[in-house]
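Start from the sequences, fold in the hints, and give me the full structure.
Below are the chains, spelled out letter by letter.
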Amino acid sequence: MATTELEIRNLTHFYDGQKILNIPYLPVQAKECLVIFGPNGAGKSTLLRIASLLEKPSQGEIYHRGVLVPLPAPLSLRRRLVHLLDRPLFFRGPVRDNLLYGLKIRGIGHKEQQKRLAEISAQFKLEPYLQRQPDELSAGEKQRVNLARAFILQPDILFLDEPLANLDVRTREEILVEFKQIRKEKGQTVLMVTHNREEAAYLADRMAVLINGEIVQSGKPEEVFASPATVEVAHLMGQETLVEGTVVGQENGLLKVALANHFLYTLGTCSQGEKVTVIFRPEEVILAPEKPESSVRNWFHGLITEIKSLDKLVLVSLDCGFKLKAYLSRPALEELKVSVGRKFWAGVKATSLSVKPFKDGHPK
Amino acid sequence: MSKLAPIFVILIITNFLAWGVGRLASLLTTSCEIILAATTSLYDSGLLDQLLFAFEKHAGIKVKPIAVGTGEALKLGQKGEADLLLVHAPELENQFMACGYGLRREELMTSEFVLLGPADDPAKVKGLSFPQALSKIAQSKAFFVSRGDNSGTHFLEERVWKEAGLKPAGKWYLQTGQGMAETLFIGSEKQAYLLTDYPTYARLKPVLKLKILCRDENYLNVYSVIVVKTKNNQGQREAAERLLEYLLSPEAKQIIVAFGRKNNETEGLFRVIKPNEK
Amino acid sequence: MVSFSEIWPIIRLTLIVSGLSTFIAFILALPAAFFLYLNQFPGRKLILSLIHTGMGLPPVVVGLFVAFFLWRSGPLGSLNLMYTPAAIVIAQVILAWPIIAGLSLSALEQVDPALLIQAKALGASPTQLLWTLFREARLGQISGIIAAFGAVISEVGAVLMVGGNLKGHTRVLTTAILQETRLGHFRLALILALTLIIISFAINWCLTSWQQKGINRWRQPSWK
Chain Y
1 MATTELEIRN LTHFYDGQKI LNIPYLPVQA KECLVIFGPN GAGKSTLLRI
51 ASLLEKPSQG EIYHRGVLVP LPAPLSLRRR LVHLLDRPLF FRGPVRDNLL
101 YGLKIRGIGH KEQQKRLAEI SAQFKLEPYL QRQPDELSAG EKQRVNLARA
151 FILQPDILFL DEPLANLDVR TREEILVEFK QIRKEKGQTV LMVTHNREEA
201 AYLADRMAVL INGEIVQSGK PEEVFASPAT VEVAHLMGQE TLVEGTVVGQ
251 ENGLLKVALA NHFLYTLGTC SQGEKVTVIF RPEEVILAPE KPESSVRNWF
301 HGLITEIKSL DKLVLVSLDC GFKLKAYLSR PALEELKVSV GRKFWAGVKA
351 TSLSVKPFKD GHPK
Chain U
1 MSKLAPIFVI LIITNFLAWG VGRLASLLTT SCEIILAATT SLYDSGLLDQ
51 LLFAFEKHAG IKVKPIAVGT GEALKLGQKG EADLLLVHAP ELENQFMACG
101 YGLRREELMT SEFVLLGPAD DPAKVKGLSF PQALSKIAQS KAFFVSRGDN
151 SGTHFLEERV WKEAGLKPAG KWYLQTGQGM AETLFIGSEK QAYLLTDYPT
201 YARLKPVLKL KILCRDENYL NVYSVIVVKT KNNQGQREAA ERLLEYLLSP
251 EAKQIIVAFG RKNNETEGLF RVIKPNEK
Chain D
1 MVSFSEIWPI IRLTLIVSGL STFIAFILAL PAAFFLYLNQ FPGRKLILSL
51 IHTGMGLPPV VVGLFVAFFL WRSGPLGSLN LMYTPAAIVI AQVILAWPII
101 AGLSLSALEQ VDPALLIQAK ALGASPTQLL WTLFREARLG QISGIIAAFG
151 AVISEVGAVL MVGGNLKGHT RVLTTAILQE TRLGHFRLAL ILALTLIIIS
201 FAINWCLTSW QQKGINRWRQ PSWK
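Chains as they are written, first to last, in our numbering: chain Y, 1 to 364; chain U, 1 to 278; chain D, 1 to 224.
Among these hints, one or two may not hold up.
[To be verified] Derived DSS-like pairs (lysine-lysine); straight-line CA-CA distance at most 27 Å:
(1) Y:LYS104 x D:LYS213
(2) D:LYS167 x U:LYS75
(3) D:LYS167 x U:LYS205
(4) Y:LYS104 x D:LYS120
(5) Y:LYS180 x D:LYS120
(6) Y:LYS111 x D:LYS120
(7) D:LYS120 x Y:LYS115
(8) U:LYS62 x D:LYS167
(9) Y:LYS56 x D:LYS120
(10) D:LYS120 x U:LYS3
(11) D:LYS167 x U:LYS64
(12) D:LYS120 x U:LYS57
(13) Y:LYS19 x D:LYS120
(14) Y:LYS31 x D:LYS120
(15) D:LYS167 x U:LYS79
(16) D:LYS120 x Y:LYS186
(17) D:LYS167 x U:LYS253
FYI, nobody ran anything at the bench for these hints, they're computed from the structure.
So this is what it looks like as structure tokens:
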């Protein structure tokens with residue numbers, strides 16, 4: 001049975017007179033990787049510092065393994081938590097000394113130091129770098145050392161602030177994979193903040209979305225990505241198309257929504273006449289030159305207005321009364337002969353759409 | 001090399017420690033110490049070293065000689081910062097005694113003053129008396145370097161100007177504000193005329209490019225010893241008196257008379273004042 | 001004239017007095033530097049300005065000032081410290097202290113505060129944080145020691161005034177050089193001067209090695 005390593009309750013935090021955090025409850029389970037996902041300025045770093053007991057909240061309680069933590073926290077407890085800042089900063093001396101810093105501070109004996117050093121150097125592949133000066137290393141190598149010096153301390157919880165920022169794509173991918181593997185192997189509990197979707201998607205066991213200091217959604221990453229709870233969350237998730245419409249009725253257990261000269265069918269429970277926002281996810285939009293026979297319920301006919309190249313995929317914009325975006329792989333692009341100005345059919349399954357009712361007359 | 005280094009360091013450190021122990025020992029053995037303020041030119045001559053060496057052996061009193069200008073020495077005496085003064089400005093000394101700062105004053109010895117100048121003697125003063133020579137120098141506006149400080153030498157120089165009826169001023173009259181040696185070096189570089197005591201000149205002659213042009217027996221450099229009235233220490237006053245007595249003793253007189261004397265000369269650099277000479 | 005047998009005692013005294021002064025100034029200046037680093041208070045800028053002024057104090061002024069205190073007529077006259085090595089050390093500590101305090105403070109302020117936060121986040125206690133701060137500031141710190149040592153071993157104004165250049169007791173290399181020059185013994189003066197420079201160099205070599213320890217010798221600055 002999973003134990004709760006950390007619980008934050010009734011947290012409100014002010015900075016310069018502004019309320020920047022308002023979180024009634026946030027738990028971190030043992031051995032899980034919880035990712036706090038949100039845009040810049042949401043308060044993620046502050047939240048992380050409060051969680052790792054580096055900073056005292058204006059109001060709120062923190063429970064560590066069920067026990068209320070006295071604030072400011074005692075050193076013995078702080079030492080069971082390790083927090084890495086958003087850029088790797090090292091002390092004077094070779095990589096080896098930097099790795100051992102935390103151990104030396106805790107007064108851990110020489111033999112144990114050497115044992116852990118050997119183990120961590122092997123796991124993070126740092127053996128050739130041990131005697132080098134940290135500022136000679138590349139960004140990726142530095143981040144490995146940074147992570148290693150945290151893991152070597154075997155903390156109850158590891159707090160990471162944007163761990164993969166400033167890394168090039170290849171290094172980031174390497175480290176993503178290594179990190180996930182090592183973390184799972186060691187069963188290290190991690191609380192991490194990032195604004196990068198791929199990191200969150202790949203590393204998180206659970207994800208919490210932080211917008212303007214509040215947690216607006218939490219759950220498994222696939223769930224959050226698939227069903228953003230609000231329009232704002234949807235914006236964060238990616239290139240979704242959001243279109244406003246009105247519910248006109250129900251047919252065969254599906255909602256019928258009128259929008260922009262079209263009718264579409266979708267899952268959802270809203271009442272007749274309600275104004276809603278429909279969320280289209282570009283990876284679920286199918287493009288075809290002719291309208292095919294298929295189980296797909298919704299088809300829209302439109303003109304290709306833009307083709308945008310992303311590294312592995314292409315984002316195609318289609319105007320069918322409203323602007324719809326679709327991802328396409330490059331081979332598919334060539335095969336279908338998609339080009340600007342051509343007319344195409346875009347299809348979306350009813351089950352791939354989500355609707356969010358307006359709240360107080362506004363899209364949520 | 002690196003094997004020797006630690007041994008070297010240890011030797012040095014032991015030596016330092018030995019010094020420290022020595023200092024501590026001397027601090028703990030309380031012996032009497034007096035401060036002697038001596039005029040720089042006398043200090044530099046080396047005569048003091050000889051006199052004090054003999055005295056310390058025989059009297060067991062530690063003397064700390066510091067070299068200061070006559071003016072500073074008298075000031076220190078007035079404040080009681082020194083116990084004994086060895087200076088050479090009789091007028092100032094008399095004032096000092098009149099103010100009651102000194103307990104006892106005795107004239108000890110004299111040395112000659114000489115007028116130095118460049119070998120080619122542009123002002124043509126060779127063989128003249130001091131006042132005459134200085135008049136001619138002033139007239140011809142040849143470079144003249146003066147001490148310009150409160151030293152005995154300077155006061156004597158002023159006396160000569162006064163007796164020549166002149167006040168020296170102008171670009172040719174340079175005042176160094178420094179000691180005799182520095183003044184001599186400057187005078188030598190500038191090839192100027194200047195007045196100096198003979199012992200200092202004799203010592204520095206090898207590095208100076210000046211010659212003796214005039215000697216005048218009317219102007220002698222008189223050195224006196226003054227026991228200072230210090231408000232605090234009785235023991236130091238007595239020790240100072242003993243040093244004074246010693247300096248007037250026949251033993252000291254012998255050292256003074258022999259000082260700097262070359263083999264075939266009858267006189268050294270300093271002449272002792274006989275008690276009936278005044 | 002300084003005889004051959006006198007040269008070693010003069011060198012020894014020079015090293016002892018200047019070394020001791022620098023050391024004592026270091027012990028007294030470091031806590032002050034830490035205090036100024038850790039605390040903001042009204043008047044801090046005033047104190048800093050005074051320290052910076054103190055870095056350039058003319059030695060002869062310091063000598064005069066100390067003499068006022070140590071003279072028999074002065075407040076500390078009963079200690080009979082005038083014309084002793086102790087008096088020289090007192091004057092030289094006054095000369096060295098502002099240099100070490102000012103440069104140490106600079107060194108501390110140049111350490112990235114984020115680094116200290118990271119140290120705390122890795123579990124450092126307040127004492128350990130101070131120690132880490134001290135180690136990170138080592139480069140600038142030792143510069144301060146080097147500058148202070150250079151200042152005291154090369155000055156003549158203070159050591160002459162409060163020491164009196166007494167043979168065998170308070171005669172150091174600088175006052176001996178001055179004296180020999182005054183006596184016209186230029187060659188001896190030059191030898192003493194060279195000795196002073198060589199000794200100063202040897203000591204600074206050691207201090208510099210200590211300062212540069214661990215810095216990769218062949219590394220170019222990364223922006224080149």
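Consistency of the hints with the structure:
Straight-line distance between C-alpha atoms of Y:LYS104 and D:LYS213 comes to about 21 Å, which keeps the hinted pair within the 27 Å bound. Taken as a hint, the D:LYS167 and U:LYS75 pair is honoured in the structure, with Cα atoms around 23 Å apart against an allowance of 27 Å. Restraint check: the Cα-Cα separation between D:LYS167 and U:LYS205 comes to about 25 Å, which is no more than 27 Å; the hinted pair holds. As the CA atoms of Y:LYS104 and D:LYS120 are separated by approximately 13 Å, the hinted pair is consistent with the 27 Å bound.
Pair hint Y:LYS180 plus D:LYS120 holds up; C-alpha atoms about 26 Å apart against a cutoff of 27 Å. Annotation: proposed proximity of Y:LYS111 to D:LYS120 holds, straight-line Cα distance about 24 Å (limit 27 Å). In summary, the hint linking D:LYS120 to Y:LYS115 is supported, as the alpha carbons are separated by about 24 Å, within the 27 Å threshold. With a CA separation close to 12 Å, the supplied pair U:LYS62 and D:LYS167 stays within the 27 Å bound.
Restraint check: the Cα-Cα separation between Y:LYS56 and D:LYS120 comes to about 14 Å, which is no more than 27 Å; the hinted pair holds. The straight-line distance between the Cα atoms of D:LYS120 and U:LYS3 is roughly 43 Å, outside the 27 Å bound, and the hint therefore fails. Taking the CA atoms of D:LYS167 and U:LYS64, the gap is near 9 Å; set against the 27 Å cutoff, the hint holds. Among the hinted pairs, D:LYS120 with U:LYS57 is inconsistent with the structure: their alpha-carbon atoms are about 68 Å apart, more than 27 Å.
Taken as a hint, the Y:LYS19 and D:LYS120 pair is honoured in the structure, with Cα atoms around 26 Å apart against an allowance of 27 Å. Under the criterion of a C-alpha separation no larger than 27 Å, the hint pairing Y:LYS31 with D:LYS120 is consistent with the structure, at around 24 Å. A threshold of 27 Å between alpha carbons decides the hint, and for D:LYS167 with U:LYS79 the separation of about 24 Å falls inside it, so the pair holds. The hinted pair formed by D:LYS120 and Y:LYS186 meets the criterion: a straight-line CA distance of about 24 Å does not exceed 27 Å.
Between D:LYS167 and U:LYS253 the alpha-carbon distance is near 24 Å, which keeps this suggested pair within the 27 Å criterion.
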